Amino acid sequence: MMKKILKSKQGEGYLDIAIGVLCLLLVVSFAVSLFPVFTAKQQLDTFATEIVREAEIKGRTSVDSRIADMREQTGLDPKIRWNCDYYSGNKVQLDGDMEVVLTDTVDIGFFIFGPFPVEIQAKATGKSEVYYK
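The working numbering puts the first residue of the sequence shown at 212, with every later residue one more than the last.
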């Protein structure tokens, strides 16, 4: 009698569906845990573009007020590195190259495995629009 019950294929579909739903839920929860990284990357790209544009208009890399505004808007606090053709101090001559690289870390958490820090980077380039005599 016990052999007959164990060999029976009746109800097998229920188990397959339950395992399939469990796998689907794991995939969806993993995608939801990754979503903040993509959002932070997009915000970091916008951050870099905005401060480079401000630096292009001013002709110098001292755009601290715009950086403070962007930090407040995005909630990010990235490390900022400028690569420029400096004229003097923090000034960049007309048509001089400007590049800013922003680096920040975002934690990805997946259930009990804890947070995994992921480093994201954004780069923006531009040219100075100010002529210094």
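None of these hints come from the bench; they were simulated from the model. Small disclaimer: the values here were computed from a predicted structure and weren't measured. One thing to keep in mind: the hints can contain errors.
[What the hints assert, rightly or not] Distance condition first, Cα-Cα at most 25 Å in a straight line; then the derived BS3-like pairs of lysine-lysine:
no., residue 1, residue 2
1, Lys-302, Lys-344
2, Lys-290, Lys-269
3, Lys-334, Lys-252
4, Lys-338, Lys-252
5, Lys-290, Lys-215
6, Lys-218, Lys-269
7, Lys-338, Lys-269
8, Lys-252, Lys-214
9, Lys-290, Lys-302
10, Lys-334, Lys-290
11, Lys-302, Lys-252
12, Lys-215, Lys-252
13, Lys-334, Lys-269
14, Lys-215, Lys-269
Hint-by-hint comparison with the structure:
1. Distance hint between Lys-302 and Lys-344 is fulfilled; the C-alpha atoms sit about 12 Å from each other, no more than 25 Å.
2. At roughly 21 Å between alpha-carbon atoms, Lys-290 and Lys-269 fall within 25 Å of each other, so this suggested pair holds.
3. For a cut-off of 25 Å, the pair hint linking Lys-334 to Lys-252 stands: about 11 Å separates their Cα positions.
4. Proximity of Lys-338 to Lys-252 is assessed by CA-CA distance (about 23 Å); at most 25 Å being required, the pair is judged to hold.
5. Restraint check for Lys-290 and Lys-215: the C-alpha separation of about 68 Å exceeds 25 Å, so the hint is violated.
6. A distance of roughly 79 Å separates the Cα atoms of Lys-218 and Lys-269; the hinted pair therefore is violated under the 25 Å criterion.
7. A distance of roughly 11 Å separates the Cα atoms of Lys-338 and Lys-269; the hinted pair therefore holds under the 25 Å criterion.
8. Proximity of Lys-252 to Lys-214 is assessed by CA-CA distance (about 58 Å); at most 25 Å being required, the pair is judged violated.
9. A hinted pair counts as satisfied when its Cα atoms are at most 25 Å apart, and Lys-290 with Lys-302 qualifies at roughly 20 Å.
10. A hinted pair counts as satisfied when its Cα atoms are at most 25 Å apart, and Lys-334 with Lys-290 qualifies at roughly 12 Å.
11. Among the hinted pairs, Lys-302 with Lys-252 is inconsistent with the structure: their alpha-carbon atoms are about 29 Å apart, more than 25 Å.
12. Of the supplied pair hints, the one linking Lys-215 and Lys-252 is violated, its CA atoms being roughly 58 Å apart against a limit of 25 Å.
13. For the given pair, Lys-334 sits about 19 Å from Lys-269 by alpha-carbon distance, which is consistent with the 25 Å threshold.
14. At roughly 84 Å between alpha-carbon atoms, Lys-215 and Lys-269 are farther apart than 25 Å, so this suggested pair is violated.
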